[in-house]
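Asks: Here the protein sequences come in this chain order: A and B.
In terms of this note's numbering, the first sequence is residues 1 to 506.
In terms of this note's numbering, the second sequence is residues 1001 to 1492.
Bear in mind the hints are in silico, worked out from the structure with no lab data behind them.
The calculated label-pair distances, taken between Cβ atoms and stated as ranges, are:
#1 B:Ile1482 <-> A:Lys3: 23 to 33 Å
#2 A:Glu109 <-> B:Ile1468: 32 to 42 Å
#3 A:Ser205 <-> B:Leu1049: 43 to 53 Å
#4 A:Glu69 <-> B:Ile1468: 16 to 26 Å
#5 B:Lys1105 <-> A:Ile19: 32 to 42 Å
#6 A:Val12 <-> B:Ile1468: 24 to 34 Å
Which bits of chain A does chain B cover? Going by a derived footprint, with three or more residues having C-beta under 8 Å, they are:
#7 134 to 145
#8 165 to 176
#9 185 to 196
Only a predicted model underlies this, so the values are computations on that prediction, with no experimental measurement involved.
For every residue, glycine included, the Cβ atom is placed at its ideal position computed from N, Cα and C.
Residues per chain are reported as follows:
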Amino acid sequence: MDKATVIIMMVVIVTLPIIMTPVLMYVCRFSDRLRNGLAVLTAATTFILTLMLYPFIRDGGVIQQSIFEILPDLEISIHLDILSFSLAALSSFVWLLCAIYSIDYMAKEHACSRYYPVLIFTLGACQGIFFAGDLFSLFVFFELMSIIAYILIIHEQTEEALKAGYKYLVMTIIGGLALFFGVIIIFEIGGTVSLGVGVIVSESSMLGLVAFICFLIGFGMKAGMFPLHVWLPDAHPVAPSPASALLSGIMLKTGAYGLFRVFFHVFSVDLLRSSGWNVILAVLAVITILLGSAVALTQSDIKRRLAYSSISQLGYILLGLSILNFNAITGATFHIFSHAFMKSTLFLAAGAIIWKTGIRNVNEMKGLGRLMPVTMGCFSLAALAMIGIPPLNGFLSKWTLALGALDAGLPGYVLVLLISSLLNALYYLPIIIPAFFEHPEGEENSHEGDDEKHEVQFKIKEATPLMLSAIAILALCTIIFGLTPNNIVFSLSRLTAQYLLGGGSF
Amino acid sequence: MESAGHQPVLIIVLLLISAFIAPLLYRRWRFLSGAVVLAALTGSFITALLLLSKSGASSSLSYHLGNWPPPWGIELIIDPLRVYMLLVVTGVSLWIFIYALGDLKHELHNDVIGWYYSLYAVLVASMSAITLTNDLFNLFVLMEICAITACAIITIKDQRECLEAGFKYLIMSAMGTGCFLLGVAMIYMVTGYLNYSFIQSELSLALTDYPLNIFTAAALFIVAFGTKAALFPLHVWLPDAHAAAPSPSSAMLSGLVIKIYAFALFMIFYRVFPRSLLDTIPLNEIILWLGAMGVMFGSIYAMLQTDLKKMLAYSSISQIAFIFMGIGLDQPLALTGGLYHIMVHAFTKSTLFMSAGAIIYSTGVRRISDLGGIGKVLPLPLFAFTIGSASMIGLPGTGGLISKWYLALGTLETGRILFLLVILASSLLNAIYYMPIVINAFMSGEEFKEKVKIVPLSMQVTLAAGMILVVISGIFSRQVIIFFEQALTSLY
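All chains, please: the whole structure from these sequences, using the hints.
Replies: Quick look at the structure:
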């Protein structure tokens, strides 16, 4: 594949969903089914186009191309390397499944004519973030996605949702301003903000530190890093479940992705190591991991519990990033994938439960496994992966992260990972064990008479096949990309780490 | 300098002639009266475009009024920055006038609309002349004309608060022009000239002999233009005047009139004062601090408002202060940001006032808290309001980001991070008072109960144009910025 084709494909991947947004808004007037179909089709096309970039990436291709000069020395440009490819493929995949899931889930909801265009628009903005070729374009798409995602969060338009949404919006604006500050300082120091020049800042300076902290604030806010996570536990649960899955599964990762770019393309790795700036991130990441897990224990609303769990899981990625060696970066990249699969499964399964039964409180989920075996099965699988049970993918990422921590001579971090795994077990197991091994409340009495029959009684009340297929595919990914031979995601992560640490080559 | 033909003065003459004809025509053929002013505005805009193509980005042309050569006669200068300002003035006033054609019937008595057209044309003529003139006394006369017409398009609405606000404005502005005249006299005393270019070369010599005179004149100028342009402690007249006026007047006053004085101050700093004067006394520093305070206090006051137009008026105080910060930083990048903000804010604030006007036109609601759910009944005005708010906050894709970008680069270039923080803080404050309105209008579950009149076509078209302008100024800004870069090299 030659370079020009790749560039055109990348532009199409970003613009197609954005162009489809008004089309979807228009189509809404005529037919709901056409709208749903078009939305899924758009997501699918985006996913397939993204996958088609793979041969180019496999050959070690990197692209940096300016598209449009918005100001002198400042342009909208695109950049493709293995990291952007991996994340773009991941996000369009999850988006596709969430769009499929939405068809049935949102059928009962109001204002779908707003939901679908926004869902597809955020896909385009998100691909834009991953393909952005300089910090300015990254900032533009980041803001675009964050602000439009607001409409997804407040979809229910309840007072609670509006309150959470306002908090989200204010935090987003603060984060955006911090990013703006950071980008402008980098522009001032280096005279460019392009990601294609290798490293922009390689000397320690006060201004450089300020920029670094600004990036930490801007991207860390999105990634739910302590102490900027406050918006997350409110915003994620109130959104419709497919949107929560995307928010937790993908949109949080854009923050982590931004930090990856900052760590490897803006500041030189040597500078970060010698000046110890990465320690700032490490400390915050450790607090984030422990705090997220601990608070998740206390939540009884299932979606809130999952949201807090997301905070702690993002902490893993940030921790891996801050360690800055091969295994840790591999683990961090791989965990981006793992967490996307696990958390999307969990949110979609939780959504199916809420959709079918209306239960949100984890204490009321006894016996749900009999009612909704597939949903609950997938939920359990993903929850086990979260805890880090081999051979699931969560284990592999924790293993690699732990290896990285040991390579760096920091066994303390391994302890943090273990404690957090224990906490994960403490808040996930009490959901899944009663779901399968206890009777639903109120049903015990009615079955006292016929004990023999009771053994086989499965009153299945499952979600629709479309929803189940989306959940099941994601749950399968936690196995396929776990401890298996030919784990393509893992080898991609390794190549990414090699690419990032090797300064631009495999 | 080569001759410019008669185009520079043509702009002013066209508008003045239409100002005389409009009220006469209005007695017989109402429709024609508006059309004449519209034609004159279009003509002046086209003439300004022709001037741009003539002067380009680096050369400057001079026009001697009545063929009297300077320093005795009045000289009009066409240089890149003035042409830029002229384009903004004529373009934006043309755009607002189309809006006014739809809105005025509702806001004014039928028999005064002809007078309004006339006043509008005179106001635009005086503003165009202020940008072009190269003569201090001429500037004084034009400022008086501008102030009186601006006051008249506020008080033309027959309401108690309009008269009160107009009176306040008149007094403050008379004080401002008084200070200015005093300053001009002092300069004339020292140099014997009124022409900018002659004064500039003379002042650098006179600075050693008569420093006190010149310092006093500089101080008077700052007070004069500070009052006129609502620079922070002298802003008290603005909120009442801009909020009470009919909506097209508010758009005009906030969008252009205050900026014309900021531009005049910029001209005085860089075309009248010699560099040595700016280096001797910290004039820029004073402007910078006042600007920074204006940015903060304007935003904070705006947060406290309950009336939509009052809020927009206070927001103007903070936005005009951005332009002053650009001048205050005294650095090409910051000046680029400041000058670009003149255009961006003209687009943005006019769009915002127009959409506020459309809301008031069709529902009569002015209170911010009563706007819940209004987005569903008036989608276009509220959508325009959203885009305008985004530009005020400085979101990507709008002009607000570009001017903030250059101002911020300027603060970094001069090493004054404090002022960068002021810029960022003000963006945040803007977000805090603009966003709830947008959210409330579109997302709150409330139903809007008031009766709704249909917004006239001319207003809808101008609102849509406003959105497009705000977005275009955020995306296709490269040429303008390069234009500034070339134009500003002559200052340093």
